[in-house]
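Colleague: Listed here are the chains, written in short residue letters.
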Amino acid sequence: MTVLAEIAQAVIDGDQTRVGDLTRRALGEGIHPKTVLDDGLVAGMNVVGDRFREHEIFLPDVLLAARAMYAGLDELRPLLAQEGIPSIGKVVIGTVQGDLHDIGKNLVGIMLKGAGFEVIDLGHDVAPERMVDTAVEQGAAVIGMSALLTTTMSVMGEVVALLKARNLDGKIRTVVGGAPVDDAFARRIGADAYGFDAANAVDVVKRLVGRA
Amino acid sequence: MRPLGERLRTGEVLVADGAIGTMLFQRGLKPGAAPESVTLERPAVLEEIAGLYRDAGADILTTNTFGASPLRLALHGLDGETEAVNREAVRAARRAADGRAYVAGSCGPCGRLLEPYGDVAAAEVLDGFRRQIAALVEAGVDAVIVETMTDLTEATLAVRAARETAADLPVLATMTFDPTPRGFFTVMGVSVAAAAAGLAEAGVTAVGSNCGNGTDQMIAIARAFRAATALPLVIQPNAGLPRTDGGETVYDETPAFMAERAAALLDAGVSVIGGCCGTTPEHIRAIRAAVNGRAPRP
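Quick mapping for you: the protein sequence lines, in order, are chains A and B. Under my numbering, the residue at position 135 of the first sequence is numbered 135, and the numbers go up by one with no gaps. To convert a position in the second sequence, counted from 1, into my numbering, add 212.
Take these hints with a grain of salt, some might be off.
Stated by the list, open to error - Here are the computed lysine to aspartate or glutamate pairs in the EDC-like style, where the Cα-Cα straight-line distance is at most 20 Å: (1) K242/B x E158/A; (2) K242/B x D125/A; (3) K171/A x D182/A.
I should point out that these hints are in silico values taken from the structure, not numbers from a laboratory.
Turn these sequences into a full structure, and let the hints steer you where they fit.
Modeller: Given below as structure tokens:
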């Protein structure tokens, strides 16, 4: 097995220590950091995402894999920055104002990072202004919003309206998700897309930034 | 009334109440506010809702304490009120029960993931459940119902806290499952068989499932539980899965539909039938009639 395949396998196994060690070894062998990211860490996380989507594995496995992936990312991040290699896109995510449920949103953040995105996670109970302001300040291409409550999902529409009011619609794209949200709701509030689960959200965001 | 535990042991079928959260929103609960905040501010609202379910024929009224463990109340800055929130919710349900229904103290997930997957230690979660359940028991619940769990470790901690606090009190425990090609699992990967075994070992009086599924999936879940355990079963389906229609949240299963399917739940050996999200006093009334229309179990 190549060291890159070993990294991918260690991510799948959720073995934090091994991912850190192998990432350092790969870099020591002169493998480019971007290659370690794409063919090692991201490749492993893609397998994890697929297996989660197919219900072969569950949330604990994904969380352990994510932690292992972060151990590798920590090694790579300064090198990638040095080389001026951009992430494949910046995404601001958060659970909308009035809503405290963030397990689903966290999962989307993990999967986005695993797919190579830079993720700015604003946490839960995030006001529309803060979502939009952060996206502008950070130069994010996409805002991802989550809601579990039927009573808070309307806040998603406020974010979309705020972007429109500031002439940012089309420049900053929106994707919505969460238990009560569906495609029809996304269309009705004018969001650019709907992600039905964490893995699907990654596909959708990739499409929005032209990386699909 | 005979003790609830005795009626469960002898195989009697009992009807539990339906949703509380959606009823609270209809009565002005603000989005994002803790449903438990109503308990301290407007306990009469809780009494009214519980009374509607009692009049609909529910044998078991659930307290408005689903999120009343101190860990979860802390998200709303209410953890200092843990004792009062639990006590007053029991009192409201007890007033509504009026000697004609049992009061079950609801205990939901703490809202955080346990180590090693999350950031909270099992000991802290256990302490939280102990504090909540001690308040429920002191206020005089007839049973504790641990609900909507997805992590078996967390569920067993809650059961343990209940068992330690009141060894004689019935403890009902339900988990929330998703259908997968390999059967039903919680999002944390717990199968129905694993849930049945783990909860039985923790000492529950009855096991089962609530939330996350409509009635037809719940029939399949009930059968899976029956294949895995001889314990009495508790099933509380949603009135279908929520969808939005013109900005309104809609649950498609009617009272008549749920009542008609109740027969299959009883055939699967379910002892306690109630409702979760989207169910109303009308659903419970229809289920009550369906249960009454059945011949007693041999």
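Colleague: Each hint: holds or not?
Modeller: We went through each hint and held it up to the structure:
no. : hint            : in the structure
1   : K242/B x E158/A : 17 Å, holds
2   : K242/B x D125/A : 13 Å, holds
3   : K171/A x D182/A : 23 Å, violated
Violated hint: 3 only; the structure is consistent with all others.
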